[in-house]
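Now for the letters of each chain:
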Amino acid sequence: MRWLWLVVLAGLTFYAQVAWLPLVRPLGVVPNLALGLVVLVALEGRALGALVVALALGCGLDIISGGNFGIWMGTLVLAVLVAAWIRRSGLETGGWLVPAVLVLAGTVVMTLLVWSALVGVVARWPVGSLVGRLVLECLLNLGLMSLLRPVVRRTIKPEPGDLYG
Amino acid sequence: MNLTGTNRRIVTIIAVGGAVMVLGVLGRLGPLRWVYDATLAPLGRAVVGAGSTAGEALANLGRIKDLAADNARLEQENATLRQRLAADADTRRDNDLLRKQLGLEVAGAPKEVAAEVMSAQPDSYRQFVTINKGAQAGVAPGMAVVSQGQLIGVINDVQARSARITLVTDPTFKLTAKDQDTGATGLVGGQLGGGLLLDKIGQSDTVKPGDSVTTSGLGGVVPSGLYIGQIESVDTRANVVFQSARVATDVRVSELRFVFVVTGQ
Chain W
1 MRWLWLVVLA GLTFYAQVAW LPLVRPLGVV PNLALGLVVL VALEGRALGA
51 LVVALALGCG LDIISGGNFG IWMGTLVLAV LVAAWIRRSG LETGGWLVPA
101 VLVLAGTVVM TLLVWSALVG VVARWPVGSL VGRLVLECLL NLGLMSLLRP
151 VVRRTIKPEP GDLYG
Chain V
1 MNLTGTNRRI VTIIAVGGAV MVLGVLGRLG PLRWVYDATL APLGRAVVGA
51 GSTAGEALAN LGRIKDLAAD NARLEQENAT LRQRLAADAD TRRDNDLLRK
101 QLGLEVAGAP KEVAAEVMSA QPDSYRQFVT INKGAQAGVA PGMAVVSQGQ
151 LIGVINDVQA RSARITLVTD PTFKLTAKDQ DTGATGLVGG QLGGGLLLDK
201 IGQSDTVKPG DSVTTSGLGG VVPSGLYIGQ IESVDTRANV VFQSARVATD
251 VRVSELRFVF VVTGQ
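Residue numbers (my numbering), protein chains in the order written: chain W, 1 to 165; chain V, 1 to 265.
Derived from the structure by calculation, the hints contain no laboratory data. All residues carry an ideal CB built from backbone N, CA and C; glycine is no exception. Treat the hints with care, since some could be wrong.
[Unchecked claim] Here are some chain V residues pointing at chain W (derived, C-beta under 7 angstroms):
(1) Thr-4
(2) Arg-8
(3) Arg-9
(4) Val-11
(5) Ile-13
(6) Gly-17
(7) Met-21
(8) Arg-28
(9) Leu-74
(10) Ser-119
(11) Tyr-125
(12) Thr-176
(13) Gly-193
(14) Ser-254
Just chain W, with the same shape it has in the complex:
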């Protein structure tokens, strides 16, 4: 695994997530690029590297974020652990299904965590609009993940013994 490239990729993702995507807000939502990156690194590279990236990215995003601390770190680490477990169980991870399901599940889990932190604070819940926004975010995250996949594959080439470790 090319560690330097991984660090560069993680750094660029961090800046995109805190300084670029929240300002561009395609269709009014902030896509989750960090989730796509850690899922892809966990599936294409080493679980250990993905775990370090998930921790560092999650910690940085939690520090910058004004929401409850731990939502980013928890979701990203959980996504890496599930991806590593799926890989270890021998499921085919080379296609689109596994990363897509992981990104969708991660998006839903993270959104539910953000919403749950607002229970008791927010009186009005516009359910229709929130669900619409969640669906839009899922679609954008899938799109970003598919754009990111060739980049991750090119920068993090699998090496012998990379099956799990």
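Since chain W is already given, all that's left is putting chain V on it; use the hints.
Then chain V, alone, in the frame of chain W:
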């Protein structure tokens, strides 16, 4: 054997992550924030610049078809505001004169600290931005932040060189506000999914679409008279204790680049 070693490393990393999470929840990660402010934030500002430009370009693309209507509306609004400004100047002069004669303090221009937006909340539901001025520049929690003549939020967390602003559109934002035209007071707050709501308006009070909503100055550091937005629609159902009104605001995270923290009068 090899797998056991890897497993051990994974467990160690997760344990470190758990410890970091506990420290973060307890609010003990100030030094990490300081490292970010001192080293990584300047780079972030450059990225924010690019993000703002791209955000504005995307937003403008979507608004092209409304430009003619917007222009006509703004011209009319401009003429009305010019008339009001002329009338207000006379009122202000009279007010200052009377205050002097009565021995009351004459309100001066507010003291402001200019700041640049460094980063924004990385998710779709909460509304925070971080600026590059903190305690060293006299910024303190609770202070109002304005941009382009309107309140955009209040400071909620201050470090030495940076501060986080809770935007008025965040669902946890709450501030007492008043209808500038009728004097009706209420509690203005952000809505989950966007928008502002002026709530807890008494049933006997009058509020109507088009009225300006400003800060009331009650209960805190935020001075009175800061423009928040304009009433869009009013919910006046008789079977509820309070009236509420939707407030239109021009606060767009994508357009925030420079802001002013009101540090005093």
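ask   = Looking back at the hints listed earlier, which ones does the structure fail to meet?
value = Those not satisfied are hints 1, 2, 4, 8, 9 and 12.
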